[in-house]
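If you're matching them up, the sequences are chains A and B in order. Heads up: take any position in the first sequence, counting from 1, add 1, and you land on this note's numbering. Heads up: take any position in the second sequence, counting from 1, add 1, and you land on this note's numbering.
Among these hints, one or two may not hold up.
If several chains are the same, the list does not tell them apart, and a pair holds so long as it fits within one copy or across any two.
As the list claims (entries may be wrong) - Distance condition first, Cα-Cα at most 27 Å in a straight line; then the derived DSS-like pairs of lysine-lysine:
#1 K124 <-> K224
#2 K280 <-> K131
#3 K188 <-> K315
#4 K37 <-> K160
#5 K131 <-> K224
#6 K24 <-> K280
#7 K124 <-> K72
#8 K280 <-> K224
#9 K124 <-> K280
#10 K66 <-> K188
#11 K315 <-> K303
#12 K217 <-> K280
These are calculated hints, taken from the structure and not from any lab test.
Number of protein chains: 2
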Amino acid sequence: MRRAYLSTLLALLITGPALAAPKTDVAKVVNSAAFKAAAATLAAEHDRTVADIITLTEIPAPPFKEAERAKAYRAMFEAHGLRNVEIDPEGNVLGLRKGTRAGPVVVVSAHLDTVFPEGTNVKVRREGTKLYAPGIADDSRSLAVLLAWSRALDAAKIKTRSDILFVGTVGEEGAGDLRGVRYFFGKGAYKDNTKAFYSVDGIDPAHITHIGVGSKRYRVTFKGPGGHSYGAFGIVNPMAAMGKAVADLYAIQPPTDPKVTYSASVVGGGTSVNSIPDKVFVEFDMRSADAAELAKLEAQFKAVIEGAVVAENKARSTRVGAVSAEFTPIGDRPAGATPKDAAIVANTIAAIEAFGGKPTFEASSTDANAPMGRGIPAITIGSGGTGGRAHSIDEWIDVEPTASVRGMTIGLAAILATAGVD
Amino acid sequence: MRRAYLSTLLALLITGPALAAPKTDVAKVVNSAAFKAAAATLAAEHDRTVADIITLTEIPAPPFKEAERAKAYRAMFEAHGLRNVEIDPEGNVLGLRKGTRAGPVVVVSAHLDTVFPEGTNVKVRREGTKLYAPGIADDSRSLAVLLAWSRALDAAKIKTRSDILFVGTVGEEGAGDLRGVRYFFGKGAYKDNTKAFYSVDGIDPAHITHIGVGSKRYRVTFKGPGGHSYGAFGIVNPMAAMGKAVADLYAIQPPTDPKVTYSASVVGGGTSVNSIPDKVFVEFDMRSADAAELAKLEAQFKAVIEGAVVAENKARSTRVGAVSAEFTPIGDRPAGATPKDAAIVANTIAAIEAFGGKPTFEASSTDANAPMGRGIPAITIGSGGTGGRAHSIDEWIDVEPTASVRGMTIGLAAILATAGVD
Chain A
2 MRRAYLSTLL ALLITGPALA APKTDVAKVV NSAAFKAAAA TLAAEHDRTV
52 ADIITLTEIP APPFKEAERA KAYRAMFEAH GLRNVEIDPE GNVLGLRKGT
102 RAGPVVVVSA HLDTVFPEGT NVKVRREGTK LYAPGIADDS RSLAVLLAWS
152 RALDAAKIKT RSDILFVGTV GEEGAGDLRG VRYFFGKGAY KDNTKAFYSV
202 DGIDPAHITH IGVGSKRYRV TFKGPGGHSY GAFGIVNPMA AMGKAVADLY
252 AIQPPTDPKV TYSASVVGGG TSVNSIPDKV FVEFDMRSAD AAELAKLEAQ
302 FKAVIEGAVV AENKARSTRV GAVSAEFTPI GDRPAGATPK DAAIVANTIA
352 AIEAFGGKPT FEASSTDANA PMGRGIPAIT IGSGGTGGRA HSIDEWIDVE
402 PTASVRGMTI GLAAILATAG VD
Chain B
2 MRRAYLSTLL ALLITGPALA APKTDVAKVV NSAAFKAAAA TLAAEHDRTV
52 ADIITLTEIP APPFKEAERA KAYRAMFEAH GLRNVEIDPE GNVLGLRKGT
102 RAGPVVVVSA HLDTVFPEGT NVKVRREGTK LYAPGIADDS RSLAVLLAWS
152 RALDAAKIKT RSDILFVGTV GEEGAGDLRG VRYFFGKGAY KDNTKAFYSV
202 DGIDPAHITH IGVGSKRYRV TFKGPGGHSY GAFGIVNPMA AMGKAVADLY
252 AIQPPTDPKV TYSASVVGGG TSVNSIPDKV FVEFDMRSAD AAELAKLEAQ
302 FKAVIEGAVV AENKARSTRV GAVSAEFTPI GDRPAGATPK DAAIVANTIA
352 AIEAFGGKPT FEASSTDANA PMGRGIPAIT IGSGGTGGRA HSIDEWIDVE
402 PTASVRGMTI GLAAILATAG VD
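Whenever a hint applies, use it, and build me the whole structure from the sequences.
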């Protein structure tokens, strides 16, 4: 999950000034004795939540290898007394907290996977109230917060109208391409039975991501004949085409409003230092909440790659073969949005304001993209506290209790208003 | 060992037409009854030589892991009655055949290591007279030929004037960076006591490699802060610096005479498709037989890398950190040459011609580079027969006896002329 800006285009989605009803719903929730008891539990059990964050962070969950963390999370769901606990065929962990009425569920999810490959050191390092570890902000903290909410609701004996389905999803990041949440809404048992969808992803409790940034991702493989670095010098080198393609892509100045981004992210290939490679690849990521701008960038990107291939085949000899580029799509996330006057957004705005916060509206690419694409009310919220450097090995969160618990309390208030409380 | 061309510049090293004296030396050798007896032994024991080739080929000798093959080779040296047999501290196997006069030794070496990693199937497959296995041509055949020469000299009771030091070297290939022969001439017992150096590496007995192509190799690691591909878009990307560096390097037009080459060969790095990488590396190879031109290219290369880093830090934000490049030398082979009128070359030309061959002059990067760099007469010769596809898993040799024995006979004649025979 990642912060973003709100484009002026998307601001058109805002309708106002209404929001009276949700404010009332949230006010009713936060003023109740039961909610105060739940909030007190969040505070009283904060150390346990921190311990859960550390436990979950230290179970590696590389892309496509979330199984070990999923098993541990399922055991935690079971220990928390959730019902119908299961790991679905895609690998998502599901656990139900029953409500008082029949009807569609409110999903509260966080993602199990990290961006970090196998072998990354995921040991948590603590400095005062700051915890450092890859994946700790994105999204291990949120997994632990779901458990804290479940305990707080039980301790306060809160009965929601709708069932709350807690979910740990797989494949939110990168090449995972939302596979967990895609399965959930494509083939899962609740696919036609979801009232609202909260993705808890990231930190800042004042962020409401109601715009799903679309993305296009490609692995481009540059191929050539290869040969001896000395004996075959002068023939085309796919690495040279790759270098030019990356350099030329980075000369593109995309619009900032709507925000459009690209990244040359992962690279690999080659045989040995004394061989002209026969193959190198690069993985590229392109994003925008604006589908037309994203399509424009994608076309520019393809032209850059193809231009670099043509240039390489002109610059050096093709006597033993030419350079070519092969595009393999590795990600295609739909852009989408949940209107600001949808109850899920209005409730969350009200909850943030109820605790003195000032909501900011974000565009991002998260699990919420999938339900947005199906017209299901969905947003992504932060789990509380502060943190930073997500997707880097210096990733950190601050578990200083006041800010941490305040964020958790805001999220719980919003969810309860959406699920309804008897 | 690898073939290359002879630049016109280097042709200046040729002096002629002389060569009378070496022709006489070689003529004296090849016309002697003792040499004919030695040649007859090479032919008679050819099956044993083939068996030794297979035995040695099937002992894996990956880069830096030649110890098992070295032990077997030491045992073979001992069984052949060589003196002062030892494995030196670097891992080279040494065995002396005493001559009749005091003075510096003539080294006859082959390399123990292959380019193939651990786990490569090195089982020899035979089809008629063709033997297939990784490393069989480069350079296991030569190791066995050294043994055959030792037996032939003993059988013919040939006494050389100079001692002949047979050597199996480690680390000739790739990252080994000539570590065996460097040790031999840097710290070994014979470092100041070597008269001439034959590297027996490869197959064709008409090839005389008297030009040592120098190389400089670097792993360049581009580092940056890394971050989220969307959230942190706009910060510097080490991949962009890498791309520009590769593209700019490939815009350099090096001289063709003397030949100067470069290659961007191996690349890797990155965290995930949705992360700006914090680190990518490229391995570069640069070569020339002309040390001044190689140094010039190396300076251009470094300027290109540094320029790309500066450009990237100007093109994008360094607010969370700047891009840098770290140079790790991974290879540094001295350029060198042995003049064509040096006795070692002239003797070898004469030996090839004495058996009806037509010498070709090669430039390459082999163990002979090290003594050339110290002004010690040194060349690389083939061990006989035919073969091909070195450095590939389809590597092969043909042990059809006529061509195989002819090549061994040529090499022995050249070595004897250089060592002198009473």
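Are any of the numbered hints broken by this structure? If so, which, sorted upward? Violated hints (numbers, rising): 3 and 6; every other hint is consistent with the structure.
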